[in-house]
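*Asks:* Each chain is listed here by its residues.
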Amino acid sequence: MVSFELSEEQKLLRDTCRDFALTAMRKYDRQSDESGEIPSDIVKQGHELGLTTGYIPETYGGPGGELSALNGVIILEELAYGNLSMALNILAPSLVNIPLVLYGTEDQKKKYFGMNKPDQFHGFTAALAEPAVKFDPEALRTAAADEIDDFVLNGEKAFVAIADSALATIVFARKGSGEGLAGIDGFIVPSGGFTVKEREKNQGLRALKQFTISLEGTRVPRSDVLRLSGGFAGLLARARTASIALTTGVCRAAYEYALAYAKERIAFGEPIASRQSVAFTLAEMAMEVDAMRLMAWRSAWMIDKGIDAYKDASMGKRYAADAAMFVTRNATQVLGGHGFTRDHPVEMWYRDARSFAVSEFMAIV
Amino acid sequence: MVDFELTPIMKMAREFTHNYARDVMRPISRKYDEEEHVAPTEFIQKTHEMFTSLGFSFSTTKAGGGSKEDDAESKGKHDRPKMEMNLLGAIATEELAWGCPGLTLRIPGPGLGGAAIMAAATPEQKKRFMKILNGPKPSYGAMALTEPGFGSDASAVSTTAVKDGDYYILNGTKIFVTGGEMADLYVVWATLGKDMGRSGIKAFVVEKGNPGIKMTRLEHKLGIRASDTAEVVLEDCRVHKDNLLGGEKKEEKGFKGAMQTFDATRPIVAAMATGIARASYDYLYEDLVVKGGLEINYGKAIHKRGYVETVFEDMEAKINAARLLTWKAAWMLDHGLPNLKEASMAKAKAGTVVDEVTQKAIELYGPEGYSRRHLLEKWMRDAKVYDVFEGTGQIQRLVIARAILDYTRKELK
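Just so you know, the sequences run in chain order P and S. Counting from 1, one number per residue, gives the positions in the first sequence under the numbering used here. Counting from 1, one number per residue, gives the positions in the second sequence under the numbering used here.
The shape of chain P in the complex, shown without the other chains:
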């Protein structure tokens, strides 16, 4: 039966995340963007909310909550509403934990779930993108050669969040040659298993540490291979659903800021919001934010129901990424010249939002 009502628990989850976004993340968003550093205390506080471990089964020392993509999109929207870089940093451990819940062996779960500490952020991450023009997940160049006991990885990965500090990284690669998503597996590599190269310098996401990493004969024992058995498209659907939610959060931030500004900014003797040219733009922005949220919810709902969401998530991600450019561009536009300055956060959201169309596997639900 169709419903657009969150459960009481989900409302609480949303409110908790929103509160953290507004009272903690937003305080440091500009400073972090300028310095390229997220205060470790913010990451710690965010981590302590337990958002990346709630679904770890009790048998492995977790709270034993269900893995819910819908909960995931609620969390992602709120944290991205706070700050995208921080959200991606804080939630990075899920990039390993969620694939492990879905595909991990008994031993892998024991080993890696145990590395999550409630009061200390150690960090996991995932490496999918590669430093290549026309990057294509179906044509990964990173290769995993089967050498009886171990697999040997060779290649380069790019835009790997917190690669310098992560305890473990899932490197996505294919065994042997070929194309397509079906043959891709995850190879869990501990810190030190690859060379961390230069930090990425991006248009946005400046507070998030992303790196190019180089795998030169990295040996991964068979026990650390996350066998996806053709499930990579499913993981990608989860990541793209996550992307819709992140987009919604950033767009909502920009929309709300522009809305408040338009009510306060006086021109020709009255608030600029009382002019239709501005008011209608805000109405369009509000509409797009609602539409993308519903797409994120629907895609997440499909995942939770076990329905193949690859097409819907991919389509939704694209739609949201386009709409994000519309929303954040117009947010800066509403602020006029002030929107172009770094005294206001809208230009940051505009830069951050550009990432959605080009990034892959930044977060997962």
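Mixed in with the good hints there might be a few duds.
As the list claims (entries may be wrong) - Derived lysine to aspartate or glutamate pairs resembling EDC-like cross-links, with alpha carbons at most 16 Å apart:
#  : chain 1 : residue 1 : chain 2 : residue 2
1  : P       : Lys311    : S       : Glu295
2  : S       : Lys126    : S       : Asp242
3  : S       : Lys300    : P       : Asp136
4  : S       : Lys208    : S       : Glu231
5  : S       : Lys249    : S       : Glu124
6  : P       : Lys175    : P       : Asp150
7  : P       : Lys311    : S       : Asp314
8  : P       : Lys111    : P       : Glu58
9  : S       : Lys413    : P       : Glu270
10 : S       : Lys300    : P       : Glu360
11 : S       : Lys304    : P       : Glu138
12 : P       : Lys263    : S       : Asp406
13 : S       : Lys300    : P       : Glu179
14 : S       : Lys410    : P       : Glu270
15 : S       : Lys127    : S       : Asp242
16 : P       : Lys263    : S       : Glu411
17 : S       : Lys126    : S       : Glu207
18 : P       : Lys201    : P       : Glu130
19 : S       : Lys256    : S       : Asp153
20 : S       : Lys300    : P       : Glu138
21 : S       : Lys221    : S       : Glu231
22 : P       : Lys305    : S       : Glu5
23 : P       : Lys311    : S       : Glu309
24 : P       : Lys117    : P       : Glu48
25 : S       : Lys304    : P       : Asp136
26 : P       : Lys311    : S       : Glu313
27 : P       : Lys305    : S       : Asp3
28 : S       : Lys304    : P       : Glu179
29 : S       : Lys410    : S       : Asp153
30 : P       : Lys27     : P       : Asp343
These aren't lab readings, by the way, just hints derived from the structure by calculation. All values reported here derive from a predicted model rather than from experimental measurement.
Fit chain S to the supplied structure of chain P, relying on the hints for placement.
*Replies:* Showing chain S alone in chain P's frame:
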């Protein structure tokens, strides 16, 4: 708990209306577009019998508007689970409009008049008038609001209502009355006195056979030509005071009542727009993808896909966005939540999407798409009115903007 699963009844309704749209409406769609002003009498009778025989009222497919109290009533009487009439209406209407939007507007039922009655009438009036509209014969309830001198500015009503004993005497001209040719009753909006402003605007039910109301003209339109859009003239039209919606005492309900009608009808209109957009999309998909061998590689890297593929994807995503906003607005009304903003969002989005999609579909089809051999050109013409009636796209944005800014009419003109 968030859920997008339709109930079995909704799925059944969707399947039924889809098949009906495909088998009954599509084949005659072009005929009644070309023969504007010819009433599709056979279709009307057949459709009426079909829906009546189901023992299940599809009346809301045009009007929207089961309110909370009616649900409670029907629950008490028949002990059946609460029906989400607005969502059900949206789902069924999307399918019917997929078949033919003009004919959909011709399906007998309470229509906009019924929706206004549901929004503004007393319980006694609801019973009396809905009985007429849900009678054994095909019937229509029309809304007569627009006048030659105004469209969106409904407060500018100049049709007058002058009290005369137990009666009101109405005088004025109403245009763009959907279903105005065959209406069994008209909900006529008139003013008790211009000096009273909005509070003086009242809705009167004028029943068929009243000698004071005359249809004077049928409009010639760009699209939805199968739908009768009429001009009616009220000349010393005597209406009993019991036909004043909401009763004489409720001073407030009048204009507000008219506006509340839209909370129910806008999602339904949005659903129709979504249906038309989908019709164009499906038509294109069938010939270019299913028969034409075009592959749409959803989710593939951008450089691997052609222009047409990405357009297909954009179209479908937009249709999904419109549908989700529509469902949400309808769902809110079903659950007694204020949905003014959401109803306008659904209408604004769907009204934009349907124009974009139907235009683009012709482009992708090539020269053949411009030909009247195909329905694509018709749908593009039909689509335009969805960004116009029930409040233009601009009015929807005004409603949304006032809601999000918390501005009054004066603060945001």
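*Asks:* Against this structure, judge whether each hint is valid.
*Replies:* Outcome of the hint check:
With a C-alpha separation of about 14 Å, the suggested pair P/Lys311 and S/Glu295 falls inside the 16 Å cut-off, and the hint holds. Distance check on the hinted pair: S/Lys126 and S/Asp242 sit about 12 Å apart at the alpha-carbon level, within 16 Å; holds. Pair hint S/Lys300 plus P/Asp136 holds up; C-alpha atoms about 8 Å apart against a cutoff of 16 Å. Between S/Lys208 and S/Glu231 the CA atoms are separated by roughly 15 Å; this keeps the pair inside 16 Å, and the hint holds.
With a C-alpha separation of about 14 Å, the suggested pairing of S/Lys249 with S/Glu124 holds against the 16 Å cut-off. Simply put, P/Lys175 and P/Asp150 have alpha-carbon atoms about 12 Å apart, close enough for the 16 Å limit, and the pair holds. For the hint pairing P/Lys311 with S/Asp314, the CA-to-CA distance comes to about 12 Å; that is within 16 Å, so the pair holds. Between P/Lys111 and P/Glu58 the alpha-carbon distance is near 14 Å, which keeps this suggested pair within the 16 Å criterion.
Taking the CA atoms of S/Lys413 and P/Glu270, the gap is about 12 Å. The hint holds against a cut of 16 Å. At most 16 Å may separate the alpha-carbon atoms for a hinted pair to count; S/Lys300 and P/Glu360 meet this at roughly 12 Å. About 10 Å separates the Cα atoms of S/Lys304 and P/Glu138, which keeps this hinted pair within 16 Å; it holds. For the given pair, P/Lys263 sits about 10 Å from S/Asp406 by alpha-carbon distance, which is consistent with the 16 Å threshold.
At roughly 12 Å between alpha-carbon atoms, S/Lys300 and P/Glu179 fall within 16 Å of each other, so this suggested pair holds. In summary, the hint linking S/Lys410 to P/Glu270 is supported, as the alpha carbons are separated by about 12 Å, within the 16 Å threshold. For the suggested pair S/Lys127 and S/Asp242, the alpha carbons sit about 13 Å apart, so the restraint of at most 16 Å is met. Proximity of P/Lys263 to S/Glu411 is assessed by CA-CA distance (about 11 Å); at most 16 Å being required, the pair is judged to hold.
With a C-alpha separation of about 14 Å, the suggested pairing of S/Lys126 with S/Glu207 holds against the 16 Å cut-off. Proposed proximity of P/Lys201 and P/Glu130 is supported: the alpha carbons are some 15 Å apart, at most 16 Å. With a CA separation close to 13 Å, the supplied pair S/Lys256 and S/Asp153 stays within the 16 Å bound. Distance hint between S/Lys300 and P/Glu138 is fulfilled; the C-alpha atoms sit about 8 Å from each other, no more than 16 Å.
Between S/Lys221 and S/Glu231 the alpha-carbon distance is near 13 Å, which keeps this suggested pair within the 16 Å criterion. Between the alpha carbons of P/Lys305 and S/Glu5 the distance comes to roughly 10 Å, so the proposed pair stays at or under 16 Å and holds. A distance of roughly 13 Å separates the Cα atoms of P/Lys311 and S/Glu309; the hinted pair therefore holds under the 16 Å criterion. The straight-line distance between the Cα atoms of P/Lys117 and P/Glu48 is roughly 9 Å, inside the 16 Å bound, and the hint therefore holds.
Of the pairs offered as hints, the one joining S/Lys304 and P/Asp136 holds, with about 9 Å between alpha carbons and a cut-off of 16 Å not exceeded. Between P/Lys311 and S/Glu313 the alpha-carbon distance is near 10 Å, which keeps this suggested pair within the 16 Å criterion. With a C-alpha separation of about 10 Å, the suggested pair P/Lys305 and S/Asp3 falls inside the 16 Å cut-off, and the hint holds. Under the criterion of a C-alpha separation no larger than 16 Å, the hint pairing S/Lys304 with P/Glu179 is consistent with the structure, at around 13 Å.
Distance restraint check for S/Lys410 and S/Asp153: the Cα-Cα separation of roughly 14 Å lies within the 16 Å cut-off, and the hinted pair is therefore satisfied. A C-alpha spacing of about 14 Å is found between P/Lys27 and P/Asp343, which places the hinted pair at or below 16 Å, so the restraint holds.
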